[in-house]
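The sequence shown: position 209 = 237 (our numbering), numbered continuously.
Any given hint could turn out to be false.
Label-pair ranges, simulated between beta-carbon atoms [what the hints assert, rightly or not]:
(1) 59 x 209: 50 to 56 Å
(2) 249 x 214: 14 to 20 Å
(3) 279 x 249: 31 to 37 Å
(4) 198 x 304: 45 to 51 Å
(5) 257 x 332: 34 to 40 Å
(6) 195 x 317: 43 to 49 Å
(7) 199 x 123: 17 to 23 Å
Think of the hints as simulated: they come from the structure by calculation, not from any bench.
Keep in mind the model is a prediction, meaning the values are calculated, not measured.
For glycine and all other residues, C-beta sits at the position ideal for the given N, C-alpha and C.
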Amino acid sequence: MGMPIKIRDNFKSLSGSERTAVIFLALGEERGSRLMEKLDDDEIRMVSRAMASLGNVTSNLVEALLRSFTERFANTGSVVGSYDSTERMLSRFLPDDRVSEIMGEIRGPAGRTMWEKMSNVNEGVLATYLAGEYPQTAAVILSRMRSDHAAKVLPLLSPALRLEVIERMIQIESVQREVLLDIESILHNEFMANYARTHGADTHERMADIFNRIDRDTMADIFTDLDAVMPDSTHRIRQLMFTFEDLLRLDRVSLQAVIRRCDTGQLAIALKGAEALQRDHFLSVLSERARMILQDEIENMGPVRMRDVNEAQAEIVQVAKAMADDGAIVLPQSDEADAVVY
Numbered sequence: 029m030g031m032p033i034k035i036r037d038n039f040k041s042l043s044g045s046e047r048t049a050v051i052f053l054a055l056g057e058e059r060g061s062r063l064m065e066k067l068d069d070d071e072i073r074m075v076s077r078a079m080a081s082l083g084n085v086t087s088n089l090v091e092a093l094l095r096s097f098t099e100r101f102a103n104t105g106s107v108v109g110s111y112d113s114t115e116r117m118l119s120r121f122l123p124d125d126r127v128s129e130i131m132g133e134i135r136g137p138a139g140r141t142m143w144e145k146m147s148n149v150n151e152g153v154l155a156t157y158l159a160g161e162y163p164q165t166a167a168v169i170l171s172r173m174r175s176d177h178a179a180k181v182l183p184l185l186s187p188a189l190r191l192e193v194i195e196r197m198i199q200i201e202s203v204q205r206e207v208l209l210d211i212e213s214i215l216h217n218e219f220m221a222n223y224a225r226t227h228g229a230d231t232h233e234r235m236a237d238i239f240n241r242i243d244r245d246t247m248a249d250i251f252t253d254l255d256a257v258m259p260d261s262t263h264r265i266r267q268l269m270f271t272f273e274d275l276l277r278l279d280r281v282s283l284q285a286v287i288r289r290c291d292t293g294q295l296a297i298a299l300k301g302a303e304a305l306q307r308d309h310f311l312s313v314l315s316e317r318a319r320m321i322l323q324d325e326i327e328n329m330g331p332v333r334m335r336d337v338n339e340a341q342a343e344i345v346q347v348a349k350a351m352a353d354d355g356a357i358v359l360p361q362s363d364e365a366d367a368v369v370y
């Protein structure tokens, strides 16, 4: 049985991108796609992410959003935002490879599972495996992995194979979806299954991922208790974790890229409950216009629960981690001595 679909009927609970998503859905796939086609890539990502996670929106809320068009949309009824409806709308005006790319981003880790797993495989084991594959296949795999991990694997290949693979990585263009699916299937059936049996999962990485999603007060209590009985494991987990505070150590361009991927409403909530130094740092990387808009949203928001702040900050951290998995940014490690300070 699938998860229950959430019902949205509170106008104030919708962020700007969610309100836009409702309007597009109410317009229908044909009209909505024609309007969506006029957005730029960042705006498409924001609206698509909101649309895919929207759930059921009541007809009363649809009418509230479209009150200026009451006569035309009074009988629209409820709309349902899902991955399928989002993908169908995008398919009306974008090529298949762009649709796959955007849907892969908004689906989150489930859409990148295989490449995330490959990016966590020991570089020596992965280099040995790739040595037995066609150079073109190796090039595709390394191109889809995180850049930092691919950089560890390439030096371990033989000089002749390394050159062939690099040449193909440079010349590689968009890979057909069918080819990617075939490679993912091979990796799953012939490599990852065997690797999991012989090496097992890194439990510290899994715990770091879980701890990243727990509120700070509870996390502090957990670390205090855990440090008393497993100090080495506690230290390793701390190193693997990436928190909202760590975002301040991103370079200016990377932080701007993360902000562009985030929902504005969630970002406002996250910064509403952040320390003044953190909030000022986020605002400092924005253009004057964007900074004024975000400041205005924060100031007019009213009181927010700390639980909502923690959830919003955790969501932004997950956006940053997803971008790092795609190679769009590089996350500083918690023990880096040369972290950037502003």
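Okay, the hints, checked on the actual structure:
For residue 59 and residue 209, the hinted distance range of 50 to 56 Å is not satisfied, since their beta carbons lie about 32 Å from each other. Checking the proposed 14 to 20 Å range against residue 249 and residue 214 shows it is violated: the Cβ atoms sit about 45 Å from each other. In this structure the hint that residue 279 and residue 249 lie 31 to 37 Å apart at CB holds, the actual value being about 33 Å. Checked against the hint of 45 to 51 Å, the C-beta distance between residue 198 and residue 304 comes to roughly 46 Å, which is consistent with it.
The hinted window of 34 to 40 Å between residue 257 and residue 332 holds, with their beta carbons roughly 36 Å apart. At about 44 Å, the CB distance of residue 195 to residue 317 agrees with the hint of 43 to 49 Å. For residue 199 and residue 123, the hinted distance range of 17 to 23 Å is satisfied, since their beta carbons lie about 20 Å from each other.
Figure legend: structure checked against the earlier numbered hints; hints not met, in rising order: 1 and 2.
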